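There are 4 protein chains.
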Amino acid sequence: MNVVVWNENRHEKTNPVVSDIYPKGIHGAIADFLREDNIFVETATLDEPEHGLTDKVLSETDVLVWWGHKAHEEVKEEVVEKVHKRVLEGMGLVVLHSGHFSKIFKKLMGTTCDLKWREADEKERLWVVDPSHPITEGIGEYIELEKEEMYGEHFDIPTPDQLIFVSWFEGGEVFRSGSTYQRGKGKVFYFRPGHETYPTYYNKEVQTVIKNGVKWVNNNNTPTPVYGNAKPIEEIPEKK
Amino acid sequence: MNVVVWNENRHEKTNPVVSDIYPKGIHGAIADFLREDNIFVETATLDEPEHGLTDKVLSETDVLVWWGHKAHEEVKEEVVEKVHKRVLEGMGLVVLHSGHFSKIFKKLMGTTCDLKWREADEKERLWVVDPSHPITEGIGEYIELEKEEMYGEHFDIPTPDQLIFVSWFEGGEVFRSGSTYQRGKGKVFYFRPGHETYPTYYNKEVQTVIKNGVKWVNNNNTPTPVYGNAKPIEEIPEKK
Amino acid sequence: MNVVVWNENRHEKTNPVVSDIYPKGIHGAIADFLREDNIFVETATLDEPEHGLTDKVLSETDVLVWWGHKAHEEVKEEVVEKVHKRVLEGMGLVVLHSGHFSKIFKKLMGTTCDLKWREADEKERLWVVDPSHPITEGIGEYIELEKEEMYGEHFDIPTPDQLIFVSWFEGGEVFRSGSTYQRGKGKVFYFRPGHETYPTYYNKEVQTVIKNGVKWVNNNNTPTPVYGNAKPIEEIPEKK
Amino acid sequence: MNVVVWNENRHEKTNPVVSDIYPKGIHGAIADFLREDNIFVETATLDEPEHGLTDKVLSETDVLVWWGHKAHEEVKEEVVEKVHKRVLEGMGLVVLHSGHFSKIFKKLMGTTCDLKWREADEKERLWVVDPSHPITEGIGEYIELEKEEMYGEHFDIPTPDQLIFVSWFEGGEVFRSGSTYQRGKGKVFYFRPGHETYPTYYNKEVQTVIKNGVKWVNNNNTPTPVYGNAKPIEEIPEKK
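Chains as they are written, first to last, in numbering that gives the first Met the number 0: chain X, 0 to 239; chain R, 0 to 239; chain S, 0 to 239; chain D, 0 to 239.
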């Protein structure tokens, strides 16, 4: 399995709080713990040519992990189109935290993906609401994060195919914080936590969920549909 | 539309806190506000013959509302079987609060319907997660109840067909508190609030949701499937 | 309820087979039978200024019905954006037949919406797979159309929220031919039949389904979510 | 992974057509091809003590495969209860063909699980409608079976969590022939083909689907929910 962790990598360059927490960048931190499971991982960032997502890279990627926040608009439409096409062809996609507002996630969802938010060092509890789902393997009934940014409903997404986590926040909000979607041959997993000013991606349970998510969205050899004009009726035995 | 509000009606007989809040019983309170919408409503209770759910009553009922708590085990299997059959035939069912543990709800769900609970006068906020659903007509982004019993995940139900409300509780839990299910020709709506020691069923927004739910589960003249041995292949034109 | 039936209206201008079947256009035929139910209906077509979908028209429309086929590319992006916004705000959308490839449907779905097709005068049977759904009111177990264009799986759509009809075709294919989706406050119903060279929209059961669909997608006064920065934590009582 | 293939094993004893096709019983044929993937497989049948499903066997079983047809009523309630409990605890369940009418499947579904059927040597095509699902790995766009029993809609099941296959039959019917359900910690996969008088379980693509299904329902170490009275509010830091 070839995984690419994509990160906007801008907060890390301008905000010392973020670069202190993530000296190798958010992408570096995520790549590090994925590699613990012997997954082959590369990284790509916004400021690389073609955002690091060349045709070659995309064609060889099984799973793409996406973190973006303040520079969604700088992601080129043509790269978004290519990533979209690859997801429909079967490339898995894991979208993290503020990636909810990325062009690729909005394009796959068909909605605004808007939500409520507040930065107030609130406690978050991510409750498992589907304890049969492999994405929850190895964690407990809930994950507790002492401080996180709040994301609150309504989250303007289509009804998820599978809802796995629902978050509770100290200030009175809830959020559908782990959800999956099928798009073409591709599988998509959205996972909420990971504001850049908190060390969330060092949390072992968060890491477990992301590892599980990467494995879950990986698609091995499912059928490739054929579209378009079907064979003439004269060649269909049933019609004779 | 003929609605029957069924209530166990036991707390009302033994606990003055409950009978003070609901002098006409929980069923009486619910029937009262449903009648405001010119819905024809009757009530039925556990201690009536056949629990008030005779063949005649059931055959004429379009929507059944169910509240039960401490006497689920006293509901006769044969009545449960009849209600189950009527739901599959198209009778709507609205299950309230502790009705999650009723025989009829468990039979329709196929799971234990178990959950966490705590009686501690906690604030509850029911957030709307599907603002397109007619059950949310006329309410705001969330319903706030100053004091309620807590119900927490995991709620052992099948994945709902539609998830409409998610509750936040002061003590740190969340709950899928409004959900729908299709069973045969019947529609089922589960709605969480309504512990017997709180005046929840006088809350106008709670009333609006229950009114909406009753209308939503009401089934008018959808097709009746035919089951069993299909007509012989010789009579199928396509096969000739 | 204000309904607008939108039609590309091109086949009608160039193909006498089509204009003979639909002398008032496909939009005219659909508008006619919707009016039988005392629904207020107007029509709009591609060649009108702004495709007949001005800001004023859209703002006053509760439900939009969409038929397009060979000129999807001529629909202006800015009109698509406006329709998309209105759906998320709560305008219902009924997409018919070859409208599966319209810009608005693809944008709402996030997928290619591709499929197999064949024009061979095949028999179609649309089987009801959800006999609890109000869209099936008044019809039988299946709708049979003597001759229709074939649409076959795989249909590249997201998993529908509700799957109502599955079509059988003489030549060996099946198709998810009636499906619903929630997007923001809006409800979407896709219904397969209606190739321009067949008199499908005169079929009484097809008309019943479209009437039911128009009523089902109509949204009355559900909550309007608030997005963005939530109130400061200092003003949240729970946090104090 | 420990798999038990359960079979009623009655047709094999009385009908030479069946015993000629399946000399080792349907269970034997299924066990044989599962073992090709180095899965540890045992079998159990109706006429063994406790139907071969003792407490010890059930407690050690990760995935149970179920085939039954004419003797569903002979399966003891207490065994059904134990299997049900194990599914909710996380044991995977694959239900095949006429197992749709088994006590365990009906109990898990909450519906009659009724359907249409016809024995007329009809061609069946199982079309993949979710090409992202791991259960479809290694097969083509559809599986074609030259002769099978027909099962037709309406199939009285709850809306599946995931719909993977839809069957086309020569005589004019369709059927949701591959579907999944979450129940507690358990995953359930229903797969239609396999009438006892056809050599369906020797079909390589059918075998691939069943192998995939067995792997897909196997649950490894997802969280075990805690139910009941939650800790007192005084011990909840948020409430102080």
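By construction, these hints were calculated from the structure, which means they are not laboratory data.
Please note that a few of the clues may not be correct.
To be verified - Pair by pair, the computed Cβ-Cβ distance ranges are:
1. R:E143 with X:N228: 48 to 58 Å
2. D:K146 with X:E49: 28 to 38 Å
3. R:A70 with D:E145: 52 to 62 Å
4. R:N14 with X:E143: 32 to 42 Å
5. X:D120 with D:G227: 42 to 52 Å
Claimed, not checked - Computed, partial: chain R to chain S, Cβ under 8 Å:
6. S131
7. G137
8. K203
9. N219
10. V225
All of these numbers come straight from a predicted model, not from anything done at the bench.
All C-beta atoms in this analysis are idealised placements derived from N, C-alpha and C, irrespective of residue type, glycine included.
When the hints from earlier in the document are held up against this structure, which numbers fail?
-> Result: hints 2, 5 and 8 break, sorted rising.
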